[in-house]
Every structure is written in C-alpha cells, then in structure tokens.
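K.L.:
Required output: the full structure, derived from the provided sequences and hints.
So the chains spell out like this:
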Amino acid sequence: MEPAEPTIDALGQFRLFPSLGMLGRSVNFTQANTFMVIGGLLTMALLYYGMRPRAIVPGRLQSAAELAYNFIYDMCVSQVGEEGKRFFPFVFTLFFFVLMGNLLGLLPYAFTYTSHIAITGALALMVIVVVTIVAIRENGTHFFTEYFFPAGTPKALAPLIIPIEVISYLSRPVSLSIRLFANMVAGHVMFEVFATFTVMLAGLGLFGPLIAVGPVVINVALVGFELLVACLQAYVFAILTCIYLHDAVHLH
Amino acid sequence: MSRRLFPPCRFACLAAALLLLSGAAASAAEGMPQLNFANPLTLAQIVWGAIIFAVLYVIFARSSLPQVAEVLANRETRITGDLEAARDAKAAADTAVAEVNAATARARSEAQASINAAVEQAKKEAADRARVLNERLEQQLQTSEGQIAAARNSALGAIREVATDTARVMVSRLTGRTPDRQAIDDAVGQALAARGQA
Amino acid sequence: MNENPDGTGPPRGGEPSFEERLRAARGRKRLDEPPASRGGSAAGGGFGQSPLGIGLRVGVEMVAAMAVAVGIGWALDHWLHTAPLFIALFVLLGGAAGVLNVWRMFAPRPERTPRA
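Protein chains in written order, with the numbering used here: chain A, 1 to 252; chain B, 1001 to 1198; chain C, 2001 to 2116.
Treat the hints as calculated values from the structure; they're not laboratory data.
Possibly wrong hints are sitting among the right ones.
To be verified - Listing some non-contacts, in silico: residues in chain B with all C-beta distances to chain A over 12 angstroms: (1) Thr1042; (2) Val1058; (3) Ser1063; (4) Ala1093; (5) Asn1101; (6) Ala1107; (7) Ser1109; (8) Val1119; (9) Lys1123; (10) Arg1129; (11) Val1132; (12) Ile1159; (13) Val1162; (14) Thr1164; (15) Leu1174.
Stated by the list, open to error - In silico lysine to aspartate or glutamate, DMTMM-like type, Cα no more than 25 angstroms apart, as pairs: (16) B/Lys1124 with B/Glu1110; (17) B/Lys1090 with B/Glu1070; (18) B/Lys1090 with C/Asp2077; (19) B/Lys1090 with C/Glu2019; (20) A/Lys85 with B/Glu1110; (21) B/Lys1123 with B/Glu1110.
Here a beta-carbon is modelled for each residue, glycine too, at the ideal position from N, C-alpha and C.
P.N.:
This is the structure in structure tokens:
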C-alpha cells in the first residue's frame, strides 16, 4: 500500500462519539446509546402501532407484530419447555435489542452498537448471570454438584472433569459475545474496505471508474448477505440463551 | 436459494478483505476503537446500554407483550368458540336432517299402509257386490230353467194329445171308421218312446 | 360435469366438504385431542448451516474455551507465583473444554424430560 493513496480506515466507523449535543456529552451518552433507544422505539412502535387495531383477522403490520411475538414465544417454549414462558419477555427484549442493533447498523450513517465487544460482552455476561441465578433458584446448590460433576462419573476423574466443565461454562459468554461481535465487525469492515476500494479505483486513470463498479456490485450483494447475518446472529443469540436456560432449569 | 449462492461469494469477499486488511493492519495497529477502554465512552455506553435494556425489558414485560398476548388469547378463544359452535351447529343440522328423513320415511310408510288398506277395502267391496250379483243371477237362472222345464213338459204333454187326435182323425178319414182309442194311444206312446220323448 | 349424483360423499371437483374443512380446522387447533398430548414438539436447535458458518462457530467455541482457560491459568499463576505451571495445565484443559463445547454443539440434545 503506497503511503500517498487514501488509507483504508476500516475501523473509524466503530469510533464512539458523544451524542445528543451538550447534554449527551455531559453524561457520556454515546451514539451507540442513541441507536439503542431508536431500536427500542422501533420495536415498541411495531408492538403498539401494529397491535393498535387489535383485530381478530390481523392486517399486515399486526401480522408482523404477532409473528415477532409468536416466533420468540415458540422458541422459548420449544427450547426451554413450559418454564420457558417465564423467560419469554427477557428473551424477547434480548432478541430485539440485538436484532435492532444489527439491522440499524446496515443503514447509512447508522452506528452498529452490536459491533462493540463491550456491548456484546455485557449482554452475554447478563445472559450467563441470569442463567446462573435461574439455575440456583431452580435447583439450589445442588446445581453446582450436578452440573459440574454429573452423577455417575467416576470420582477419580473429578480433578479433570470439574475444571473442564467450569471452563466450558465460563466460555459460554465469551463465545456468545465474540460470535456476535466478530460477525458484525467482519461485515462492516468488508463494507468499508470495498467502499474505499471503489473510491481508490475510481481515481485510477482511464479505466479506473470502469473497474470500480466491481466493488460496488460486491457491496450490494454484501448488503443482502449482511441482512441475513444480522437476523441469523440475533436468532443464534436468542436461541443459545434459551438452550442455556433449558440447561439451567433441567440440568443438561 | 440465496444461501446456496452466498458461500463462494463470501469466501471471495473474505479473501479480498483479508488481503486488504493485512495492508491496513498497520493503520489499525493503534487498536480497534472497540478495545480502547481508555476512552470513557466505551464503558459509559455499557452503563447507558444497561439502563436502556432494563427500561425496554420493563416496558415489554409489563405493557407491550401482555397487550399482544391479550389479542392472541382473544383470537384463540374466538376461533375455538367458533369451531365449537360450528361443530355444534353441524351436529344439530345433522340430527335435524336425520329427523326429517325419519319423519318422511314414517309418513311415506303410513301413506302406503292407508293406500293398501283402501285398496283392500275396495277389493273386498267389489268382491261382495260381485258375489251378491252372482247369487241373484244364479237364482234367476234357476227360476228361468224351472219355467222352461215346466213349459216344455206341458208342451210335451200337449204333443201326445195333439198326436192322438191327429192320428184318430187321419185314420177315420182314411178308413172311414172310428179307430180304437186304445190302439191309437198305444201307437202314439210307442212312437214317442222311440224318439225318447215320452 | 362435477355434479355429485348422490348428495353425500366428497362433492364437486376437489373442493373439500364442510365436514372435512371443519375437521381440518379443529385439527389445527388440536381441539379434538386429549389435552395432555398438546406438548411442544422438539424443535432441534439447527442453525448456522453453511460450512463456513459451522467452521466459524467451531473456531469461536474453541477460541473462547482456550481464552477462558488461559485467563484462569494466568490468574492462578499470578496469584500463586507458580509461573508456567497452571497456564500450561489450563491450556490442555482449555483444549479439552473447547472439544467438549464443539461436541455439545453437534451432539443431539438430550430428551426434554426433567430428571429426578
């Protein structure tokens, strides 16, 4: 890469800035938080505006709202069982928090708060804390012995099994947060890289603008793909939460 | 379909991106903004994020989702109720149809029975009348036969007298003498007997 | 053409009778089943199907387990001043935990019956 050319600043898009003017600056309210609020408001708009007709035969928007509701509800019940109904609001909030972060990030000038490891890490940590609390509530301290050292395992293997199970348990929030974070960062870095590539090629002599069409086409295809990834990652985050909750309630 | 199309495309994208990233790695070496924990905003966004998440959770759990649940429950009871009503109505309709069919069949058989009875009655009356008529005719026939026999008998009796008288007159005319009465009587008797009419 | 000579059976060209439609609707709502059998069917957590997606997930699981293990090992060493001992031990355990994670990822989920 020649130093004279415009450098690829693929990571500048992830930089945080205070939002909402002076007030936001004074309380460190970032643009990430602004988009969280926007995402939440959009979800609420879907639920309130969509469900406003309260029709027996739903219209388009009401169908969408009911679909969202039923999708998460069925996920909870099928993955966790009957107890899943209690965790439904939690999983619903989690899913739409992540989904809105992923989807809003695909809009121009928007900020993808799920591309911050701090946010995904905090979400994953919250999930694992909730799961652990649920496990202890459901099974008492019995949970620790049963979960990390299942009955029927030879006692001699305890020094091996218990650390492995503990590591496995603790690696859940790590993998949960890294997966979402990596997917979002990879997608947005690729957008940025190909966009910069287009600009660089366009200023490259006679045939430059012609070749520059290539990265644009790739980016258009990438948008479709990233839409899929955005939904899939939100789904994965939610369903893994459900699976962990199932394990917490039923112990494996 | 789109899924099938994507993996090669994504591989190509990843390869190209990695190539470029390796070049850009130098400029990124100062660190990703996500890992810049020296920036107070990195941790501040978590605090605000937690507050926003908590507020959203409370709103969804307390208000938004129960409202959706209510609509869904209403529909569920409505559909269930409608289906129950449909089944009940269908059952009622079926029993009504069965009743109508039974009533029709009963009426038809009753009508058939009364028709049969009437026909039977008519037949019997006709037979009675025919018998009475036959008897009367028989009687008349017998009476007539009696009269005919009497008439013939009297006619036959007259024949003997006429024959005797005729024979005596013929004999007296032919012979000129009065024939023996007894002899003529016998001759006529013999002649009649020979013809089987005595 | 599609008249039905006797007014009973499934009538006119392919259109299901009222009875069949009612039965189908009730079946969808599971109204005619005994209430006990209305459990949710196992939905199998099948996601992330493309080879690349599976590869990424396996990598993430392994890396996550290793990261946690190295973190614990480093912390134990730092605390107990046993420099390379625990970090070496926990690298091995981390690898095992990563394999366990991946195995759990692909292993069929156990039955959803609460154990005693």
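K.L.:
Could you run down the list of hints and mark each one as holding or not?
P.N.:
These are the hints, each one checked on the structure:
Residue placement check: B/Thr1042 does not keep its beta carbon more than 12 angstroms from all beta carbons of chain A (closest about 5 angstroms). Residue placement check: B/Val1058 does not keep its beta carbon more than 12 angstroms from all beta carbons of chain A (closest about 9 angstroms). Once the 12 angstroms rule is applied to beta carbons, B/Ser1063 is inconsistent with being away from chain A; the minimum gap is 8 angstroms. Every beta carbon of chain A lies more than 12 angstroms from that of B/Ala1093, the smallest distance being close to 25 angstroms; the non-interface claim holds.
The beta carbon of B/Asn1101 sits about 37 angstroms from the closest Cβ of chain A, which is more than 12 angstroms, so the claim that it is off the interface holds. Residue-level check passed: B/Ala1107 sits 45 angstroms from the nearest beta carbon of chain A, beyond 12 angstroms. Every Cβ of chain A is farther than 12 angstroms from the Cβ of B/Ser1109; the closest lies at roughly 49 angstroms, confirming the non-interface assignment. For B/Val1119, the requirement that its beta carbon stay farther than 12 angstroms from each beta carbon of chain A is met, with the minimum near 63 angstroms.
Under the 12 angstroms C-beta cut-off, the non-interface status given to B/Lys1123 relative to chain A holds; the minimum distance is some 69 angstroms. At roughly 77 angstroms, the least C-beta separation between B/Arg1129 and chain A is larger than 12 angstroms, which holds for a residue marked as non-interface. The beta carbon of B/Val1132 sits about 82 angstroms from the closest Cβ of chain A, which is more than 12 angstroms, so the claim that it is off the interface holds. Once the 12 angstroms rule is applied to beta carbons, B/Ile1159 is consistent with being away from chain A; the minimum gap is 120 angstroms.
Against the 12 angstroms criterion, B/Val1162 stays outside the reach of chain A, whose nearest CB is about 124 angstroms from its own CB. Taking the minimum C-beta to C-beta distance to chain A, about 129 angstroms, the non-interface status of B/Thr1164 holds against the 12 angstroms cut. The claim that B/Leu1174 lies off the interface holds: its Cβ sits roughly 139 angstroms from the closest Cβ of chain A, which is beyond the 12 angstroms cut-off. Between B/Lys1124 and B/Glu1110, the direct Cα distance comes to roughly 21 angstroms. Compliance with the 25 angstroms bound is thereby established for this hinted pair.
Restraint check: the Cα-Cα separation between B/Lys1090 and B/Glu1070 comes to about 29 angstroms, which exceeds 25 angstroms; the hinted pair is violated. Taken as a hint, the B/Lys1090 and C/Asp2077 pair is broken in the structure, with Cα atoms around 78 angstroms apart against an allowance of 25 angstroms. This hinted pair checks out: B/Lys1090 and C/Glu2019 have alpha carbons roughly 8 angstroms apart, not beyond 25 angstroms. Using a Cα cut-off of 25 angstroms, the hinted pair A/Lys85 and B/Glu1110 is violated, with the two alpha carbons roughly 65 angstroms apart.
Distance check on the hinted pair: B/Lys1123 and B/Glu1110 sit about 20 angstroms apart at the alpha-carbon level, within 25 angstroms; holds.
Hints 1, 2, 3, 17, 18, 20 from the earlier list are contradicted by this structure; the remaining hints agree with it.
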